[in-house]
Amino acid sequence: MEQGRSVSMSLTPSPAALDALRRKVRALETQDRVTRAVLPFGVPPLDARLPGGGLAMGALHEVAGGADEALYGATAARFAAGVLARAQGEVLWCRRQADLFAPSLAQAGLPPERVIFADAGDEAGVLAAMEEGLRWPGLAGVIGEVGKLSMTASRRLQLAAEKSGQIAIAVRRWRRIADAADLGQPTAAETRWRVSPLPSSPLPPSVPGVGRPRWFLELLRCKAGDAFDIELEACDAKGHLRLPAPLAHRPVGPYAGQGRAVA
Amino acid sequence: MNLAAAKTGLRFGQAVAHATALVPGLLLHDLDAEGDNAALQRLALWAQRLYSPTVAADPPDGLVIDATGCAHLFGGEEKMLIDLRRRLAKAGYAATVAIADSWGGAHALARYSRRSLFVVPPGGLGVQLKDLPVAALRLPPETVQALAKPGFDTIGELEATAKGPLVHRFGLQPVRRLDQAHGREREPIEPVFSPETPRAAKIFAEPIGAPETIARYLTELTVELCATLEALTLGAKTIDAWFYRVDHRVEGARISLSTPARDARRLAKLLCEKLEKVDPGFGVDKMVLAAPRAAPLAYSQDDVLGGRRVADLSGLIDTLRVRLGAEAVYRLASAESDIPERSVRKAPAAETPAAFSWPVDWPRPTRFFPRPEPIETVALLPDQPPASFTWRGVRRRVRRADGPERVFGEWWKADAELARSRDYFQVEDEGGERYWIYRDGDGEDAATGSQRWFMAGVFG
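These protein sequences, in sequence, are chains A and B.
Each number in my numbering comes from the position in the first sequence (counting from 1) with 27 added on.
Each number in my numbering comes from the position in the second sequence (counting from 1) with 22 added on.
Check the hints yourself; a few may be wrong.
[What the hints assert, rightly or not] For lysine-lysine, the following DSSO-like pairs were computed, each having C-alpha atoms within a straight-line distance of at most 27 Å:
hint : chain 1 : residue 1 : chain 2 : residue 2
1    : A       : LYS265    : A       : LYS175
2    : B       : LYS368    : A       : LYS265
3    : B       : LYS296    : B       : LYS308
4    : A       : LYS175    : A       : LYS190
5    : B       : LYS152    : B       : LYS171
6    : A       : LYS190    : B       : LYS291
[To be verified] Okay, the calculated beta carbon distance ranges per label pair:
hint : chain 1 : residue 1 : chain 2 : residue 2 : range
7    : A       : SER233    : B       : TRP434    : 37 to 45 Å
8    : A       : VAL234    : B       : SER410    : 43 to 51 Å
9    : B       : ILE361    : A       : VAL234    : 27 to 35 Å
[What the hints assert, rightly or not] If you only want the chain B side, here are some residues facing chain A, beta carbon under 7 Å, derived:
hint : residue
10   : LEU354
11   : ALA357
12   : PRO375
13   : GLY482
Just so you know, the hints here were simulated from the structure itself, not pulled from any lab data.
Every residue gets a Cβ at the ideal spot worked out from N, C-alpha and C, and that includes glycine.
With the rest of the complex left out, here is chain B (with noise of 0.2 Å):
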């Protein structure tokens, strides 16, 4: 059903003969099940790579994300909502969307909230499901029907009645639909795999929970989806591990590798890592590693003619980035700026920066303070540098002194800079210290900068 076929007041689940009759001209398709799974399922995957790695299709018109822990990447919640909601609309795709507390709660709201965007902050969720009717509890329309009839139309009423005659008369499923709505019940969400997703499966008659035990198993499977990936020919670049535990809960853990590698005994080593930060709860009866995102290995050719060969280093940096976190591992490459501060760009560790375009006869000083510290100095001429300073509380009489190294704001990043400039200048105390420090200011006009002095680092 489109948007157009919505203003004309067609709803879903009318009679085919009742439409018709309603709106002459109507263009009939047959449901395609299994296209629109197939649909959703992909649409999950897609979810998958941009959001969370837990990603479900909610079937027959949804998704289920488990944004726990992934909102800030996006700058909150509302905005990664938006943002999903503007992909989803350059695909083509309608949508509404509500972040809750629970999977239940989120998807009644989206459904049944006239909201298109509905953030409910952590708490609230009781209130705004009270007024929602009783099928956005995703139960079967039977259920729903039956409810009606003694006159239960909206969850609030629901959730007033004692629920021990609710489950004598109606089952259990209405009761334990209603608790995972509020959240009081957990309920899994089993992420979604694509068909071609190289991954291995194991399932426990009796739950494990010992640490030794799961890194054993999770070694064996390790060599199991190395040997998948062999025969693919790929390496992968993420692996994902699920540990389905005893009471429905599901933990994961993630490694991200610089270079496609199918090295079993590293990726389990890497994977072992992980294993710290997962907690196994009364045991673990599934455990499923999958490599989400694969691609071929990069074969290297030994230089026969005796040129240096290039180490390989990208298990050294997985390792490491596994260890200290991804953001710990990096080069220090150059960039396109004379402000000493803007000339350094981390680069990522697995790649080599291009040639270095950083001066080589200025000099530049082997410890460099991120936050410059005031300094007080007695400077006699605006060109020349200070005749001493006191920095840290010790006054130091300059002996030599090279510069000023004059350096101008960029005009092109911010207004404020159009006027500014700095003279570097680098000093050497009586005791042979070598320092750089700096004039906010060309030592003449207000406008250039504050005239104050500043430490700007170390030499060796």
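Next up, chain A with everything else stripped away, as it sits in the complex (with noise of 0.2 Å):
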């Protein structure tokens, strides 16, 4: 009765063997990456539910504006440049349009010093200006603001930011809000984030003026780890951001487990 024979097996292997095979599929995957080192964002909630403790470095990461950001990239531009002034190097900023401003960005921890930039004239050029600059050892990463990010164009920089261990930013931006859609596709990049303004901290209320800039910080995709939100305060004049005052002694939502990334 050759037909009637079923199989059975257990369903539960034991976690030590599961473990190991993490652990044999994570050394194949980054086997030929020059660092695996993270930069942490210095906000304990933040970095406890990123792998590794903090952004990866040696890849590339993706950042788009919330509403009407999508078009001016102003929150994408500025968390990008906290990040990276919190890298050890100088930073290759690839754009197409020269509306920039670099006082804030020297507000945000990036002096002129620090920063070369490089106009080009389309998105490919963007792109193409990125991986010459992540083939370069001794930046601390690279920045560039492109619309469309194609699979085989971020894996190319996925690639090029692997071998250096520099950390690639692309910052989505696009000229109109329908486009902003294409954050959607996949890509090769290791975490996408959306940025968007929040009301700012509140002052005493006989004061006038506009408190420190907020922002909603979302994780919309990590490799290696779950999508969250969190509210924080925009990057200080060196690039740390921080956890807003009436947050800042309790954890926001339920976080336990802290480091143990699924992989």
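The task is to assemble the complex, starting from two chains supplied on their own in separate frames and drawing on the hints.
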């Protein structure tokens, strides 16, 4: 009775075997990387939920702005500047539109002596300049402002970043709000962030003026990690983010199992 | 012959006995042909640095410059010629200059037109050449004399004659020079190289045309050039590549480096990127690579005490400059001005700008619009920010605001700015978007500005 034979096996392998397998897969995935270091944000609830405890170096990351910011990319650019301000070395900033205001970069921790700008005529030129920059050792990282980012293009950037250990950040920016749906398309980037402005930190009632800017930071996609969102105060003159004061002493939502990323 | 001699009516080619008879007490010097030639070569090198990569001596008394695509750097052809003459006069040379479609035409007009500065519009050469003497055609004196016997005195007469009998009687040269002068036959200008210019050349028995082959030999030549540079302990700042085509045209390519370099692999890569703009035509039979500007390499010492080592990014900067254009790679440094759009200047990428001096405490937007966009506002008091504003068709209520930051016009730059001022405000709408807006004027006095509101930028 060959036909009636059924195969039964245990579907619960030992945790040790699974762990070993995970380690093996991770080693295979990252074997040609120079560094597996991370750049922590210095904000515990944020770092705790990122694999390795920070933003991976030697990888491509995507940042976009929410709502109208998809057009201006101001929050996304400042977020990217804040990340690279905390890394060592110079930064190559590739772009098509020359509307970035250098004094504000200096206020986010990137003074003129740390930024080289490269203006390209089209998006292909921006991507090519980014890739060229990623090949050079000694840069802290490369930021490129692009709208479309195909799987192939992002894969090339990711590979180049893996080889040199630099941080590559694609600031996604579109000409029309409708095009911003492009952010849903798959890319080879390690993480994908969305930064939207929130009303600034409140000042005492009698004090006029604008408080420290706040952001709503969403991690939309993360290799070997989970998506989450968090409310933060925008980066300061050294590129550091901060938890808003009322939240600083309690965790935001459940984030038990810190640092135990599922690969 | 100097100016005073020319005024007495002496001419070139006169017999010495005749000249001394005409002008008693004439001071005679032996002709120093070699010295003149050497001076001319030096002058050509000088002009090469200033005007165009393709400059050659045109002995015995001239220079020829291929000004194709160079004149706009001086604001036009006429301005370029004026500049050239002014600089030559400063160096003690009286010069007549002409610019035309062909070497032969410019040569003739500069020497025989009786105008010290002549700009011939494209296509207008034939009319101008018509009345010039045959001698203007760069022919040997014997040929000119031979042509004079049957009555050919001007270029126009020669041009009107059937070419066949002309070739039959006087040889190929007069017709060829005629064609060259009218721009019908191209004449390559072989640029000068100073003897100390490091260079490498290769002549091919069979012309090469495939881009890969050209790239391969270019790489070989780069290695050779770098060996020469190494022997001289120099690095190249500029490298020119010349491709001599079989049809007597010369194609050129130039790379400029931010710091002196002699890394053959890197230089070859940069040169090969330029190859796509070089048209090899029917083939290239000679290639020359030269480094007209070279300087000692800058050595840097590693900090043994564990300090942070500054990475050398000149290679990256050069690659991007070659690919995107020299203007497209830069740093943004601070400039001494309170007016936001004037507070940023472009600085070369290879240099480290001085410590920055932008205000740290004043809010500055991440995105700054090069052209401020007018907005409609509801503002209550002159010193208060608007209560709401409409930008790009969307009305936004101002929830919080900071300001004003008053910026005054720079009266030392323009009189019109004397009374002008602007008030900048940082405003935040209900959604938390933060904008930088300003009012042109102080809100009260019409002399300070139009009192209209503008969107200046978006904060991150």
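Checked hints:
no.: 1; hint: LYS265/A <-> LYS175/A; result: violated (30 Å)
no.: 2; hint: LYS368/B <-> LYS265/A; result: holds (24 Å)
no.: 3; hint: LYS296/B <-> LYS308/B; result: holds (17 Å)
no.: 4; hint: LYS175/A <-> LYS190/A; result: holds (24 Å)
no.: 5; hint: LYS152/B <-> LYS171/B; result: holds (19 Å)
no.: 6; hint: LYS190/A <-> LYS291/B; result: holds (21 Å)
no.: 7; hint: SER233/A <-> TRP434/B: 37 to 45 Å; result: holds (41 Å)
no.: 8; hint: VAL234/A <-> SER410/B: 43 to 51 Å; result: violated (22 Å)
no.: 9; hint: ILE361/B <-> VAL234/A: 27 to 35 Å; result: holds (29 Å)
no.: 10; hint: LEU354; result: holds (4 Å)
no.: 11; hint: ALA357; result: violated (10 Å)
no.: 12; hint: PRO375; result: holds (5 Å)
no.: 13; hint: GLY482; result: holds (3 Å)
Of the hints listed earlier, those the structure fails to meet are numbers 1, 8, 11, in rising order.
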